[in-house]
Amino acid sequence: MYKLAFYVPLEDAEAVKEAVFASGAGRIGDYEACCFETRGTGQFRPLYGANPHIGQVGELEKVEEVKVELVCEDALIHDALAALRRAHPYEEPAYDVWRLADL
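Its first residue numbered 2, the sequence shown is counted upward by one per residue in my numbering.
It is worth saying that the hints were derived from the structure and are not from the lab.
No false leads were slipped in.
Across the chosen pairs, the derived CB separations fall in these ranges: (1) Gly25 x Gly50: 30 to 38 Å; (2) Glu62 x Arg100: 30 to 38 Å; (3) Glu65 x Ala102: 30 to 38 Å.
Here a beta-carbon is modelled for each residue, glycine too, at the ideal position from N, C-alpha and C.
Using the sequences and the hints given, assemble the complete structure.
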(Lines of atoms letter the chains of each structure in order from A and count residues from 1; the text may use other names and numbers.)
(Lines give C-alpha, C1' and ligand atoms only; values in the text may rest on other atoms or scores of the structure.)
Protein backbone atom coordinates (compact mmCIF):
# COMPACT_ATOMS: atom_id res chain seq x y z
CA MET A 1 0.00 0.00 0.00
CA TYR A 2 1.17 3.51 -0.81
CA LYS A 3 0.17 6.98 0.28
CA LEU A 4 0.04 9.55 -2.52
CA ALA A 5 -0.07 13.28 -1.87
CA PHE A 6 -0.25 15.93 -4.58
CA TYR A 7 -0.74 19.68 -4.88
CA VAL A 8 -3.18 21.14 -7.39
CA PRO A 9 -4.74 24.57 -8.02
CA LEU A 10 -8.08 24.86 -6.26
CA GLU A 11 -10.08 25.22 -9.49
CA ASP A 12 -8.57 22.01 -10.95
CA ALA A 13 -8.75 19.84 -7.83
CA GLU A 14 -11.99 17.98 -8.58
CA ALA A 15 -10.98 17.00 -12.11
CA VAL A 16 -7.55 15.76 -11.01
CA LYS A 17 -9.00 13.84 -8.06
CA GLU A 18 -11.57 12.16 -10.31
CA ALA A 19 -8.83 11.08 -12.74
CA VAL A 20 -6.76 9.59 -9.91
CA PHE A 21 -9.81 7.88 -8.38
CA ALA A 22 -10.68 6.41 -11.80
CA SER A 23 -7.31 4.61 -11.71
CA GLY A 24 -8.52 2.75 -8.59
CA ALA A 25 -6.62 4.83 -6.04
CA GLY A 26 -8.40 6.16 -2.95
CA ARG A 27 -10.12 2.91 -1.96
CA ILE A 28 -10.27 1.82 1.68
CA GLY A 29 -12.22 -1.36 2.36
CA ASP A 30 -15.79 -0.86 1.12
CA TYR A 31 -15.24 2.87 0.39
CA GLU A 32 -13.95 4.65 -2.70
CA ALA A 33 -12.94 8.23 -3.54
CA CYS A 34 -11.37 8.55 -0.07
CA CYS A 35 -8.96 11.43 0.46
CA PHE A 36 -8.04 14.26 2.77
CA GLU A 37 -7.58 17.83 1.53
CA THR A 38 -5.68 20.76 3.01
CA ARG A 39 -5.79 24.24 1.47
CA GLY A 40 -2.68 26.38 1.29
CA THR A 41 -0.57 28.61 -0.90
CA GLY A 42 1.96 27.20 -3.34
CA GLN A 43 4.67 29.27 -4.93
CA PHE A 44 7.05 28.85 -7.85
CA ARG A 45 9.09 30.82 -10.36
CA PRO A 46 9.00 29.43 -13.92
CA LEU A 47 12.48 29.35 -15.45
CA TYR A 48 13.48 29.98 -19.06
CA GLY A 49 12.19 27.06 -21.16
CA ALA A 50 9.11 26.51 -18.98
CA ASN A 51 5.61 26.72 -20.39
CA PRO A 52 3.67 27.66 -17.24
CA HIS A 53 -0.06 27.05 -16.94
CA ILE A 54 -0.16 29.95 -14.44
CA GLY A 55 2.28 32.83 -14.17
CA GLN A 56 5.10 34.19 -16.31
CA VAL A 57 8.67 33.00 -16.89
CA GLY A 58 11.02 34.67 -14.42
CA GLU A 59 8.28 35.95 -12.09
CA LEU A 60 7.41 34.52 -8.68
CA GLU A 61 3.84 33.21 -8.64
CA LYS A 62 1.67 32.35 -5.63
CA VAL A 63 -1.38 30.14 -6.14
CA GLU A 64 -4.16 28.91 -3.84
CA GLU A 65 -3.77 25.16 -3.98
CA VAL A 66 -5.10 22.01 -2.38
CA LYS A 67 -2.94 19.20 -1.02
CA VAL A 68 -4.77 15.92 -1.65
CA GLU A 69 -3.73 12.80 0.27
CA LEU A 70 -4.98 9.28 -0.46
CA VAL A 71 -3.98 5.63 -0.33
CA CYS A 72 -3.29 3.40 -3.29
CA GLU A 73 -2.78 -0.35 -3.69
CA ASP A 74 0.69 -1.42 -4.85
CA ALA A 75 -0.54 -2.72 -8.20
CA LEU A 76 -2.25 0.61 -9.02
CA ILE A 77 0.37 3.22 -8.05
CA HIS A 78 1.89 3.58 -11.53
CA ASP A 79 -1.57 3.97 -13.10
CA ALA A 80 -2.52 6.52 -10.43
CA LEU A 81 0.63 8.57 -11.12
CA ALA A 82 0.04 8.41 -14.88
CA ALA A 83 -3.55 9.61 -14.36
CA LEU A 84 -2.32 12.42 -12.11
CA ARG A 85 0.22 13.60 -14.71
CA ARG A 86 -2.35 13.48 -17.55
CA ALA A 87 -5.05 15.39 -15.65
CA HIS A 88 -2.89 17.93 -13.83
CA PRO A 89 -2.67 21.39 -15.45
CA TYR A 90 1.01 21.94 -14.48
CA GLU A 91 3.76 20.60 -16.70
CA GLU A 92 5.66 19.60 -13.52
CA PRO A 93 3.09 18.57 -10.88
CA ALA A 94 4.41 18.27 -7.32
CA TYR A 95 3.63 14.99 -5.56
CA ASP A 96 4.96 12.61 -2.92
CA VAL A 97 4.69 8.83 -2.72
CA TRP A 98 5.33 6.86 0.48
CA ARG A 99 5.27 3.09 0.96
CA LEU A 100 3.11 2.27 3.99
CA ALA A 101 3.98 -0.41 6.54
CA ASP A 102 1.52 -3.26 7.02
CA LEU A 103 1.25 -3.54 10.81
